[in-house]
Amino acid sequence: MTNDLTYRQAIEELETILRALETDTIDVDDLTARVQRSAELIRLCKQKLRSAESAIDRVFENLDDEDELQEDFTDEDDADQTPPPPVSSGRVLRPRPMAPPPDASGQLPF
1 MTNDLTYRQA IEELETILRA LETDTIDVDD LTARVQRSAE LIRLCKQKLR
51 SAESAIDRVF ENLDDEDELQ EDFTDEDDAD QTPPPPVSSG RVLRPRPMAP
101 PPDASGQLPF
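Note that the UniProt record's numbering has the sequence shown beginning at 1, numbered continuously upward.
Read the hints as simulated data drawn from the structure, not as lab findings.
Hints should not be assumed to be uniformly reliable.
Pair by pair, the computed Cβ-Cβ distance ranges are [said to hold, decoys possible]:
1) Thr16 <-> Arg50: 35 to 43 Å
2) Ser54 <-> Asp4: 33 to 41 Å
3) Glu15 <-> Glu68: 39 to 47 Å
4) Asp65 <-> Asp27: 50 to 58 Å
5) Asp64 <-> Asp27: 32 to 40 Å
6) Arg8 <-> Ala39: 36 to 44 Å
7) Ile11 <-> Ala33: 17 to 25 Å
8) Gln9 <-> Val35: 14 to 22 Å
9) Val28 <-> Asp4: 28 to 36 Å
10) Arg19 <-> Glu61: 20 to 28 Å
11) Phe60 <-> Ser38: 28 to 36 Å
12) Gln36 <-> Glu68: 26 to 34 Å
13) Ile26 <-> Leu69: 36 to 44 Å
14) Thr32 <-> Gln9: 20 to 28 Å
Think of the CB as a built atom: it goes at the ideal place given N, C-alpha and C, for glycine as much as any other residue.
Starting from the given sequences, assemble the full structure and let the hints guide the process.
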């Protein structure tokens, strides 16, 4: 039955028990039952808080994973934009001979 309560309902019941304890309206015979009920409600609230924290952590982890995945795709897209290496035709390319440097007068020796 306790697990059917919402967090808010459990807190409200705890506050009701606390007010009763503060005003001395609970007789001694009922005190033990109220303290036990308070312990149950506190355990329920802690469990609900832990559950909510775990769910929130999972949401943020999923967001981080999506960001990392997006970065991976972006990196791959950037890699696709670089030109592919040239395909070799089997020919060996040799550099062309350069013209001889000009002589001291600045004229070419041709």
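Results for each hint:
One distance hint, 35 to 43 Å for the beta-carbon pair Thr16 and Arg50, is violated here, with the actual separation near 24 Å. The beta-carbon spacing between Ser54 and Asp4, approximately 20 Å, falls outside the hinted interval of 33 to 41 Å. Distance hint check: the CB atoms of Glu15 and Glu68 are about 44 Å apart, consistent with the given range 39 to 47 Å. The hint said 50 to 58 Å for the Cβ distance between Asp65 and Asp27, and at roughly 56 Å that hint holds.
For the hinted restraint 32 to 40 Å between Asp64 and Asp27, the CB-CB distance of approximately 55 Å leaves it violated. A hinted range of 36 to 44 Å for the beta carbons of Arg8 and Ala39 is inconsistent with their spacing of about 19 Å. Checked against the hint of 17 to 25 Å, the C-beta distance between Ile11 and Ala33 comes to roughly 19 Å, which is consistent with it. For the hinted restraint 14 to 22 Å between Gln9 and Val35, the CB-CB distance of approximately 19 Å keeps it satisfied.
Evaluation of the 28 to 36 Å hint for Val28 and Asp4 yields a pass: the beta carbon distance comes to about 30 Å. For the pair Arg19 and Glu61, the supplied restraint of 20 to 28 Å is violated, since their beta-carbon distance comes to about 41 Å. For the pair Phe60 and Ser38, the beta carbons lie near 33 Å from each other, so the given range of 28 to 36 Å is met. The hinted window of 26 to 34 Å between Gln36 and Glu68 is violated, with their beta carbons roughly 48 Å apart.
Judged by the Cβ atoms, the range 36 to 44 Å given for Ile26 and Leu69 is violated: they are separated by roughly 57 Å. Our hint of 20 to 28 Å for Thr32 and Gln9 holds, since their Cβ atoms are close to 22 Å apart.
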